[in-house]
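2 protein chains.
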Amino acid sequence: MSLYDHHVFVCHNVRPEGAPRPSCTADGKSEVFTQLQQATKAAGLTNVRINKSLCLDQCEHGPTIVVYPEAVWYGFVKPEDAAEIVEEHLVNGRPVERLRIADSCINSKACPHRG
Amino acid sequence: MSLYDHHVFVCHNVRPEGAPRPSCTADGKSEVFTQLQQATKAAGLTNVRINKSLCLDQCEHGPTIVVYPEAVWYGFVKPEDAAEIVEEHLVNGRPVERLRIADSCINSKACPHRG
Chain P
5 MSLYDHHVFV CHNVRPEGAP RPSCTADGKS EVFTQLQQAT KAAGLTNVRI NKSLCLDQCE
65 HGPTIVVYPE AVWYGFVKPE DAAEIVEEHL VNGRPVERLR IADSCINSKA CPHRG
Chain F
5 MSLYDHHVFV CHNVRPEGAP RPSCTADGKS EVFTQLQQAT KAAGLTNVRI NKSLCLDQCE
65 HGPTIVVYPE AVWYGFVKPE DAAEIVEEHL VNGRPVERLR IADSCINSKA CPHRG
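Residue numbers (our numbering), protein chains in the order written: chain P, 5 to 119; chain F, 5 to 119.
FYI, nobody ran anything at the bench for these hints, they're computed from the structure.
Worth double-checking, as some hints may not be accurate.
The list treats identical chains as one, so a pair stands whether inside a single copy or across any two.
As the list claims (entries may be wrong) - In silico BS3-like cross-links for lysine-lysine, where the CA-CA straight-line distance does not exceed 25 Å: (1) K33 with K56; (2) K45 with K82; (3) K82 with K56; (4) K113 with K45.
Bound-form chain P, shown alone (with noise of 0.2 Å):
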């Protein structure tokens, strides 16, 4: 083992209620992060860490969560969606392009997620 091949951050920042900007978890704990764990274990990837955040400041994307060393970042993300993200992106190298946060949108006021 070395550099991680991915090193996968998931948000799991929860905000006070009324907080202008939403949470990515609710309380903390993300079924997402959960079943991306599963997934790269049930994939054999021993040089991937899937690793918990906090605030990522994507939050209108979010559930959000980031892949480097590449930067890809995947917004609005289900727990349903991780087994996809672990075969395309992890395994095979092609990032799941239907999640992606389009990189106009990365920190950006202009975001149209951005009320």
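Following the hints, put chain F in place on chain P, whose structure we already have.
Relative to chain P, chain F alone:
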């Protein structure tokens, strides 16, 4: 703004007392994180994110940090190292060699820092 020029993950993990591996923070708070945020802001870097993460799994080198997309790992980081990381690495693009975790230590059970 767009994709981050640098996305810096700072481990905030806390293990229970007596756990076999060490913790990166004693109480989930990180002065390294705070100093990195302040130095980044002072340097005028608007396209860098200093991010809280949970366990980065390089626990014997804690407090640990990883900077993406370049996958540079730092270990045994002290709050007073933050200014140098920001100025040298994030501004000038030169990783701080004295703080790097050796690639041969990353994810390696042969790492001499592991008991």
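Hints, one by one, checked against the model:
no.: 1; hint: K33 with K56; verdict: both (10 Å within a copy, 16 Å between copies)
no.: 2; hint: K45 with K82; verdict: within (19 Å within a copy, 34 Å between copies)
no.: 3; hint: K82 with K56; verdict: both (16 Å within a copy, 23 Å between copies)
no.: 4; hint: K113 with K45; verdict: between (37 Å within a copy, 19 Å between copies)
Every hint, counting from the list given before, is met by this structure.
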